[in-house]
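Protein chains: 2
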Amino acid sequence: MWLSCNTLQRFLTVALGCVLGHMTDSMIAPIAQSAQQRAETWFDGFEEALRARDVRRAAALFAATSYWRDLIAFSWNLTTVENPDGVADLLGETVDRTAPGRFTITEPPEEADGVVTAWFHFETAVGRGKGLVRLVEEGGETKAWTFLTTLYELKGHEEPRGWMRPKGVTHGAFKDRTTWREQRRQEDESLGSTTQPYVLVVGGGQGGIALGARLRQLGVPSLVVDKHPRPGDQWRNRYKSLCLHDPVWYDHLPYMPFPDNWPVFSPKDKIADWLESYVNVMEIPYWSGTEVTSASYSAEAGEWTVQLERDGRPVTLRPTQLVLATGMSGKPNVPELPGQDVFRGDQHHSSAHPGPDAYAGKRCVVIGSNNSAFDICGALWEHDADVTMVQRSSTHIVKSDTLMDIGLGDLYSERAVAAGVTTEKADLIFASLPYRIMHEFQIPLYEQMAERDKDFYERLARAGFWHDWGEDGSGLFMKYLRRGSGYYIDVGSAELVAHGEVKLAHGQVARLTEDAVVLEDGTELPADLVVYATGYGSMNGWAADLISQEVADKVGKVWGLGSDTTKDPGPWQGEQRNMWKPTQQEALWFHGGNLHQSRHYSLYLALQLKARHAGIPTPVYGLQPVHHTG
Amino acid sequence: MWLSCNTLQRFLTVALGCVLGHMTDSMIAPIAQSAQQRAETWFDGFEEALRARDVRRAAALFAATSYWRDLIAFSWNLTTVENPDGVADLLGETVDRTAPGRFTITEPPEEADGVVTAWFHFETAVGRGKGLVRLVEEGGETKAWTFLTTLYELKGHEEPRGWMRPKGVTHGAFKDRTTWREQRRQEDESLGSTTQPYVLVVGGGQGGIALGARLRQLGVPSLVVDKHPRPGDQWRNRYKSLCLHDPVWYDHLPYMPFPDNWPVFSPKDKIADWLESYVNVMEIPYWSGTEVTSASYSAEAGEWTVQLERDGRPVTLRPTQLVLATGMSGKPNVPELPGQDVFRGDQHHSSAHPGPDAYAGKRCVVIGSNNSAFDICGALWEHDADVTMVQRSSTHIVKSDTLMDIGLGDLYSERAVAAGVTTEKADLIFASLPYRIMHEFQIPLYEQMAERDKDFYERLARAGFWHDWGEDGSGLFMKYLRRGSGYYIDVGSAELVAHGEVKLAHGQVARLTEDAVVLEDGTELPADLVVYATGYGSMNGWAADLISQEVADKVGKVWGLGSDTTKDPGPWQGEQRNMWKPTQQEALWFHGGNLHQSRHYSLYLALQLKARHAGIPTPVYGLQPVHHTG
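Chains S and U, in that order, are what the protein sequence lines are.
Per the numbering used here, residue 1 is the first one in the first sequence, and the count goes up by one each step.
Per the numbering used here, residue 1 is the first one in the second sequence, and the count goes up by one each step.
Same shape as in the complex, but just chain S:
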């Protein structure tokens, strides 16, 4: 346990320099007490203030610049409040009904660079929580600088795991005992006919599956539906050279980690087979070959009416809660271009690209310069195609090994595992970094990467590639959180561009001819194949398609932080818009993201749904207003 603290400290030591620079000098004072004493004193004061319902006193325990991130424990929302005023606002509205207490430091706090970090547990009226606090000295007093509170279980609804695992058989002799297989079959047959799922999860990729597993564990009657014939087809059907760009330690699903022989970067078919096994092992009710054709909500009835086609036959379901887990990469953006109707070759969105096999010796034009574009260009080149990439705007590239080492290594790596940083701990450490200042943690990491791979970036520049580091130099992860696009994790294809093996063109596409792509500057690129690696739309496009434009607009843009950078307009939100939390449309939820997010945030989404199913009041603090419709 000490080891993991060391790792946390190391992580912070790298990242904190710039952040602490923003604090006044008075915040960093000589330390008289031990880390343990300071943390205990702080928690004693905080708990006493909460017990007294003294919101001002509790808020005064936070630094002038401070962040409290709450994942449903106080707010029944994913929310971050800032500074003592924000803390006072959150507590003012929630402390009575939350009745927090029993704060317990769970391992020896550690100190570095004047910051004490402490893991803790706590309880509320309805549940049990975990958190991580970072304490600093300000005006001679110990104050919270960052404070993370998360709910992990509801009292009386603990998951049947470990000591509480099911027995599997009822010992004794009983007339008309039914077996596990018979029970599963009865359940399958009744679900959707004589019984209704409380939660309908649309989309059975990693997001829907992770959520389905948690809901199953929590005993919430749920159903995951997906249009593909088999679980895992979401990956299986993509271009054949695809491997995950995130490493295995980052990708575990809940409950069942990958075995330790799992490859660092999982091939798409291997992860697909894993997801299929996972659905089976975790007993997730899952309908393959099922498409949702429409959905509408009745506020009076408090339920959705959802029309589906299951294996071509119409079915109507009436779930109480509807989760769109159709994915960030679910709804392709295909540009409409003059001449698409006359082009004689193949043309398709990257999500429909079958792989390179048919294109040896062919002239291939790939429009776009992000992850999919590079992967597809690389695979086509490897199969002896003549490949041109059309770069329309600048892209951020980092080499995979560098990103793994500098960007993720302290939390998600074999090194982290050896140091005792469990996946759960890594997730909580990550979650404890406030979005408001996360870019400041990131910038120095990307400065290191730029330095390490200097030659590589020079080669790219010489080849004419437009490269950027994000508008504020904060790199890949912030681009992901803000806009979900604009980057490539280089696993080899960037060198092909740098060396001219994959040709590079620049600019917007004007039109297609019978056998070429024509750019706005008149450049003509002869083509037998055009791949639109042009990304995906906002997830509320799914709401527009499945429910209505009205509901899509009511919910507004999904994803992004409001950072006021490209494709992420302000105002500042403090959290990712509409993700894993209540939206302006009652009983409509969005779930998705990478495997890390699917794993971690599915917990909070599942607990929100469980609480509603169990009739536990869930008053929402700080429901997000809508500023952008899509």
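When chains are identical, the list treats them as one kind, so a pair holds in a single copy or across two.
Within a straight-line C-alpha distance of at most 25 Å, the following computed DSS-like cross-link-like pairs (lysine-lysine) qualify:
(1) Lys362 - Lys175
(2) Lys175 - Lys503
(3) Lys362 - Lys503
(4) Lys554 - Lys567
(5) Lys331 - Lys554
Note that these hints are calculated values from the structure, not bench results.
Assemble the complex: chain S is given as a structure, and chain U must be docked to it using the hints.
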């Protein structure tokens, strides 16, 4: 780590009383040095003696009554030698070629009842090992009482796990890259046609699968074949109420433990689905629907010629090594009785029993009184059949909860997990108990069980049930090791017999009539169904069927310890006959047992096969002589 030692001590404290009673008083002397010092002194002396190749000096470090169990590290065999003479014999033959050294105590030794226990690592010329020693005082000196040495990896052939896991993708750009799926497909297509498996594993139950996974990890070209249509059918096809009688903590497969929501007692269909997923996830080359029709070995060619039918089509394979993993429960014993040809009802062996559904209201006679008999009687009773059990000889019964608590709880339970006893540690602790004295560890546990469930045994006796505790009172696990039969882990059906709900008859069956079973004493039991719950034959029956009677006789009886108790004739072997180790037939191996044994012993079998494949010399010490042909 301390915690696990405590648990180990607790386990020993329970079990040791009786064993220490056998030692001379001089063995238990006041302890002057700390446990750590004594262990270090012992290892220093031992290592020095080994370095000097001074076999006498090394042997003198063992107590007058002592046991060294070696799992392939020194002996390339599973073998136990006894007392300084035995140690001298083993070392005399192996120390030069083994070149053991680098003995390292890996966690603080613990002491209880005058016994110091220490975990250690060591190295040999070709590999790395782990072990567990128990030290006592004898004549004022520290001597080894039990000494376990196990090999866990071969140098230069470490498994690709953790830090050494595969990358999954080769970063860069390469012409004609093949994907994971393509590689798997190529491998599938070539295996058995253009390439030959080095190892052919016959039988794809838990044993074959666990071994297949390890061989795959070790890079040994292997193939598992099984007659059933799907992996897991070995369980799936059995009677529908079947659940594992061993608890989940005892049942993990290598590499991929069950998730922590797995039921304590797995229903057969759930474990079947898990095995099927496991084959897929671990990428085990596995042919379903494949039966071996014959096999013969050519000593000149150094290979087997094996005829198979795969989906009805003949295939010939030429593996170098042949493993029979057809299971202890593979080859049914069906008694031949007069009148079987005239009996009008259903009759089948327990392994072919379809479950109770068709037998409501029918008169069912179950011949036998062990696990399967009780399970089947219970399920039939639950479905309103009229059930009679025919007890032919006495049976040992323990209640499941009692067995879990007293018999397994310190090593395989949630309590053990919480105390830091990993599965691997539990397996090694278990393996460290010498078979010669294991019954002495077991007897007091069963005395406790008899006391706890006194009322239950009285009820059984009143019902006329013939109950025993094993010939020496050592209970269930010893019966399992000695003869693999003669017991029932009560999950409820024993009470049905005790209360007369399931009727009880006694004696041997003389014959069947058109509609009854007739016992030797003339008792006639009217029957619509006869189930032969009459157990299974020795595994070398498989060798007789698949290879020849000559080879079966050459190999001799499989299973059992030579304890000179019922169905386990002497002389004493020290290890289980022919299991997981070289036999008198070159290149023929037996693998099987429960999930615990399949997990643990598959490691040593896999390493023996790997060493042969890699061309590492494997001179076998103490190859077992044959005393019984079956």
